[in-house]
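Undergrad: Construct all of the structure, not just a fragment, from the sequences and the given hints.
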Amino acid sequence: MSKNIIIDGLTVPFQEGQTIMDAAMAAGLYIPHLCHNPEFKPHGSCKLCTVNVNGRNVASCTMPAAEGQQVLNDIAELNAERLALTQMLFVEGNHLCPACEKSGNCNLQGVAYYLGMMSPHYNHFYPAREVDASHPDILLDRNRCIYCELCVRASRDVDGKNVFGLTDRGIMTRLIVNATSGLLGDTSLAATDKAAQVCPTGALLVKRKGFAVPIGSRIFDRHTIKDVQTGGSHE
Amino acid sequence: MQQFEFSDISRMLTPILARHGGDASRLLQVLLEVQDACHTIPSEAIDHIAAHFDVPRVNVEGVAGFYSFLSTRPVGEYRMLFSGNITDQMLGKDDLMQYLCNKLWVEPGKVSEDGLVSVDSTSCTGMCDQGPAALVNGWPLTSLDQNRLDLICELIRSRKPVAEWPPMLFEVVDNIRRSDALLGEPLVPGNGIRAVLTRGAKETLAEMDKSNLRGRGGAGFKTASKWSFCHAAIAEEEGSVICDINGHPERYIVCNADEGEPGTFKDRVLLNSYADLVFEGMTVGARVVGASKGFLYLRGEYRYLLEPLEKGLQKRREAGLLGDNILGKAGFSFDIEIHLGAGAYICGEESALIESLEGKRGRPRNRPPFPVTHGYKGRPTVVDNVETFACAAKIAEKGGAWFAAMGTAQSTGTKLLSISGDCASPGIYEYPFGVTVRQILADCGARDPYAVQVSGPSGAMISWKEFDRKIAFEDLPTAGAFMVFQRKRDPFQIALNFVHFFAHESCGFCTPCRVGTELQKKIMDKIASGHGTASDLEELKSLGHILKTMSHCGLGSSAANPVLDMLEKFPDAYERKLKELAFEPAFDLDGALETARKITGRDDDWAHL
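Those sequence lines, one after another, are chains P and Y.
The opening residue of the first sequence carries number 1 in the numbering used here; numbering runs sequentially from there.
The opening residue of the second sequence carries number 1 in the numbering used here; numbering runs sequentially from there.
The hints are simulated quantities; they were obtained by calculation from the structure and are not laboratory data.
Do not take every clue at face value.
Claimed, not checked - Computed cross-link-like contacts, BS3-like style, restricted to lysine-lysine with a CA-CA straight-line distance of at most 27 Å:
no.: 1; chain 1: Y; residue 1: Lys398; chain 2: Y; residue 2: Lys210
no.: 2; chain 1: Y; residue 1: Lys465; chain 2: Y; residue 2: Lys541
no.: 3; chain 1: P; residue 1: Lys161; chain 2: P; residue 2: Lys209
no.: 4; chain 1: P; residue 1: Lys209; chain 2: P; residue 2: Lys226
no.: 5; chain 1: Y; residue 1: Lys548; chain 2: P; residue 2: Lys161
no.: 6; chain 1: P; residue 1: Lys41; chain 2: Y; residue 2: Lys360
no.: 7; chain 1: Y; residue 1: Lys470; chain 2: Y; residue 2: Lys548
no.: 8; chain 1: Y; residue 1: Lys377; chain 2: P; residue 2: Lys41
no.: 9; chain 1: Y; residue 1: Lys222; chain 2: Y; residue 2: Lys548
no.: 10; chain 1: P; residue 1: Lys207; chain 2: P; residue 2: Lys161
no.: 11; chain 1: P; residue 1: Lys209; chain 2: P; residue 2: Lys194
no.: 12; chain 1: Y; residue 1: Lys315; chain 2: Y; residue 2: Lys329
no.: 13; chain 1: Y; residue 1: Lys548; chain 2: P; residue 2: Lys41
no.: 14; chain 1: Y; residue 1: Lys521; chain 2: Y; residue 2: Lys569
no.: 15; chain 1: Y; residue 1: Lys521; chain 2: Y; residue 2: Lys210
no.: 16; chain 1: Y; residue 1: Lys488; chain 2: Y; residue 2: Lys569
no.: 17; chain 1: P; residue 1: Lys194; chain 2: Y; residue 2: Lys360
no.: 18; chain 1: Y; residue 1: Lys377; chain 2: P; residue 2: Lys161
TA: Here it is as structure tokens:
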């Protein structure tokens, strides 16, 4: 007999070892998320995927599914809080969408569209963050980093290179690379590495691939992130 | 500043690395020694250390950047860090720090041009009963005043090594003002363990259960439950049980002495004068859960206690109370290792503490799994507060019923309170649970008390209307901090101090806490500078809600408490600060034109708003 959880009134089956996020994704249900990517070990830092389980808020990407869980996901209160978190991510960095190559393909932007973000709401921090163009094939623009550690996980767990890491703490947290010089060009990162492909924003971009698809015809110009990530109308 | 050649680095590192061996869990301990030797963590040293432990460079740099007492940029040869708790501030910390800076010709937060000295603030150093306090190269300075700073100035200018400074500068007193069951009657070392060996481990767990002892770190989880979960858990790898050297399933006992909550200093006193009681409790725990290794995680601010504690451990080993075959019991092996923290409040959170013990950034883990099943290096681990272990030792000796007879039904036993602020006799007070705030205020000689911060910034601020409330898990739960404020104090300034503390101590892992604590700080700063409006209050409330409901751990979920308490209980404290205008610019418009006026050399009416 299969086990089930209830998400927003729907019965969703799960297998032992799956998280709430896994079960939802398998059932084609969308829970907004940024740091989660089913190819990697769950991280739980962005907190956009927070759901309410039997009265308590938890990150669905790290919480194991268990019989008896009544999960609230697509409700106004949680979506308002997710919107606030998304706005926080926008103001703590420097996200200038019109000038960003990732615009239209950016998950941060996709989530912001989905949640109906019409303004940053909070005052911008305008932090001074470093751009690293030292690598011949890859650009690292820390202005757009949201500390999801997908590149860290990909480089460590898939590429076996440990190119990325985080240092400092709190609002001063920053992405660092595995080189004495601190420069991406002095690391072993290759454009074909998984780590160079997984950034949900435009913090890591493969060079010389600019504007292959014109703005206006990109993923989130045509589809919602919900459709894309649940396979609803994937390209 | 001194420049380091690579060969110097290598020469400096070789003995340190040799002493710590090759296990990467020693990384933080190594970095602390490097910081001591070089007044920074040089980039070349990071390469060297990474190669030694065979870990990526980013991991070492990540740890070096995480902890406040480590620094990848040089700090002064003499590094003065003033304790920034509100109680230090009330005792004149800001003026004293400025006084020292003026005398030494150095700006706060910067290093003097000759690299000799740097002066900065740090989070509470746990000396609130004898502030204003500071640390010089990690060693605590207490009861600072201008005279003492004059002397310190001379010592720094004459480049006198800190070890040769007059001992009176470093005098730390216990200030035990009220003793009860825990502090009143000293334990004969070994009596608790003897009782366990006579009674049996299972029977001791039953006594712990009967005592209804709850964790003294504030959360109040029942200790017997934690111990029995840990005892029931087994770590497996590829189908086989991971065992210790004696063939028993590997488990760990960890004592959380990362007493970072501003206003708390009871663990300092327990470790200074009752360390045997604490070690005894850890050993009792080890016997009950079946652990052979224990750690004491000592906050960096209490580094001065390291050598005395090591000596205490050695004495216990010699007395057969630690090591192999404890008190002659064959197969009962347990030893304790002390691990130093390095200035990170978050490491008081048990899973962050375990990460730090493993030599990593102190980032709270995703739970489940919980440490009782997957703790240190993935093994079942009990993490308990210093005071909890002290209680456990007493319960082992005297039994659960003796303990349960004290306090209230839901909060048995006694509680150590660290009392500071506006009172005649700050210090340690031990009370049976259930004591009223009013009683405590009378006993400590509080002067015209108006508000009390119970359990530090993450706890609750209560007003004079609530002084009949009780210290107990069912009313006012507390880890021990009790800061008294008299009427003339401004609740807004108190909340402002705490808000800065949380923003500084957020680990930065999750969005709500990383950004939310910073937003909270910015808004409070804006109100403090006279630009606050009514909408800022709404913003603070909504931020508070997000912090409480969306954060990864207790730091984030309690970070809004000071602000929300102030808004609820002391509304006039912030209303006074607000502009009465319907519209108030978020910054000083006229001030913003100052640069333009300077450039154009104008100062006429039209150049002003």
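Undergrad: Which of the stated hints cannot be reconciled with the structure, identified by number in ascending sequence?
TA: 5 and 15
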